[in-house]
Amino acid sequence: MKPLTQDFPFLSLLAALLVVAFVLTTSGVAPFGVSAYLANAIGQLAAFAVLALALDLIWGYLGILSLGHGLFFGIGGYVVAMHLLKHSHEVTGKVPDFMQFMGWTEFPFYWAGFDFFPYALIVTVAVTLLISGIFGYVSFRSRVGGVYFAIITQALVYVAMLLMFRNDTGFGGNNGMTGFAVVFGRPIGGSGVVIAMAAVSVIVLGLTLLGCRMLLASRFGMLMIAARDDEVRLRTLGYETLRLKLAVWCLSALIAALAGMLYVPQVGIINPRLLAPELSLEIAVWVAIGGRGHLVGAVIGAVLVNAVKFWLSAAAPELWPFILSGLIVLVVLVFPNGLVDLAKLKLVRPMGVKRLASETPELR
Amino acid sequence: MGGVALLIDNVTVEFGSFRAIDALSLAVDFGEVRALIGPNGAGKTTLLDVISGIARPKQGRVMFDDATDITRASESAIAQAGVRRKFQKPSVFEGLSVRQHIAIGAQGGLRRSLSQQELMSRVDEVLEAIGLSNLAARPASELAHGQKQWLEIGMVLASNPKVLMLDEPVAGLTDEETERTAALVRSLKRPDRAIVVVEHDMDFVERIADRVTVLHEGKTLFEGSMANARADERVVDVYLGR
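In the order they appear, the protein sequences are chains E and C.
The numbering of the first sequence is my numbering, which starts it at 1 and goes up by one.
The numbering of the second sequence is my numbering, which starts it at 365 and goes up by one.
Next up, chain E with everything else stripped away, as it sits in the complex (with noise of 0.2 Å):
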């Protein structure tokens, strides 16, 4: 890895976080200010490049696929949510949805203590490195590995799903969980406090970019990619790959759980969709758009097709499986390092000319 002050593209994405978090910050007093509405979007689109990050850093730097990290970002997104109703409730005396539809009068007794962030904060870190842990340990000891373990993850999340469709567990049915009405005393609707939870976001963003990025230049990270490129041949020089794997497993989980915290009081709304198989799917195609590998390729992914997303569910939203879809055959067959092939293409041979050079003078 470039040092860091060698590292341009690196350099350019955290100056383009830092100003985008000060024209947040400062929305409400200077001209140039941005709206609510544009700082919502640009909050979310933050929250998913977070989660990028997440998957790069197990995907891209360690080899291993998951396609069920919208389970991690699901943990976030619910413990979060059930943080804002029971906070909402407490201020505002609004009893949730979920419990009008059940006909529930009180909070169940595991709802205890949610109106409290910091408890509402360790539940997070606790269930997610419970539930990665225990499901990383098992898969990494028995050496599952590959599409193996992608499918499995696949598999996981589409449990949760199931799970979470059910009405009677008390975490909000298929109807999810909606109607936050305050964040930390204030109302959530509030153009302040929408534009605070974007540079929240922003920041949150460039502190995980740049953890991420300290991570990989320290010695942790080299064994990553060692392990990444052969893990058969760094076991054999003594080192013990599952610890590696499942710190860096985990570690990932936790930075999407955190993803998911901030992108729910965003939105507004969170129901078992989000741990549909598809999102999950999509993180990989973001990664794999941006440049798997790469941590400014992974948040250019993220931000670049959810902007696209943004864009098109208002204007033409049947096209996008079909955009979504060819963008995925592009990269697999032009540009399999992303878009960083593309950053590329100025100073390398496309690879087709190299192959026509080499191949002509046999066919003559």
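Hints were generated in silico from the structure; no laboratory data involved.
We put the beta carbon where it would ideally sit given N, CA and C, even for glycine.
One-sided and incomplete, this derived list gives chain E residues near chain C with beta-carbon spacing under 10 Å: (1) Y61; (2) R219; (3) M222; (4) I225; (5) V232; (6) R233; (7) R235; (8) Y239; (9) E240; (10) L244; (11) G293.
Model the placement of chain C on the given structure of chain E, informed by the hints.
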């Protein structure tokens, strides 16, 4: 030092109904360079797999340094005990630099065994020995085949292993590179180290090996000097004469 570095005791390995190694017993002493030769499918690489913990034997045991049973130990534990190997296909980490490879080999475990200063001097020493000092900052993906072979040897020897196993170290190398590799292997010979080499290049084997073991269909066919192996009728029959 002397003594038995590796004792393979009545080891059998089966893949389905195929018996890759058949009740094989073999002892390699400290201080010697032992070559394992034999036709394809004789079980040479499988034997290295068993020793390094990648393949599990159906029966028998593998003892290291007389006392340590490494038959069921994990790959990383075996490597940490001081038994290391180079793979047949050059196995390097494409995303890392030459220097980082040697550092990973020298540190030899998640827990650091060397201080930063010791590590740096050890890495320089190894780079010098394998002749890649001037390519230290290069990514391994840019190396030529022969350089990758040396890089992997460097990675394996960086931790000063007690047993060094080299699976086809000169496959695909030019004559000059083979020459240099032979000199390197000879220079690695030490009284407290056993070196096991699997190789098909008989001239190379003759130059480096103190003794050769000829394997055939998972069994020992011959053990002795290379000169005697060349004279042995059975060896000529199954392998050398072809």
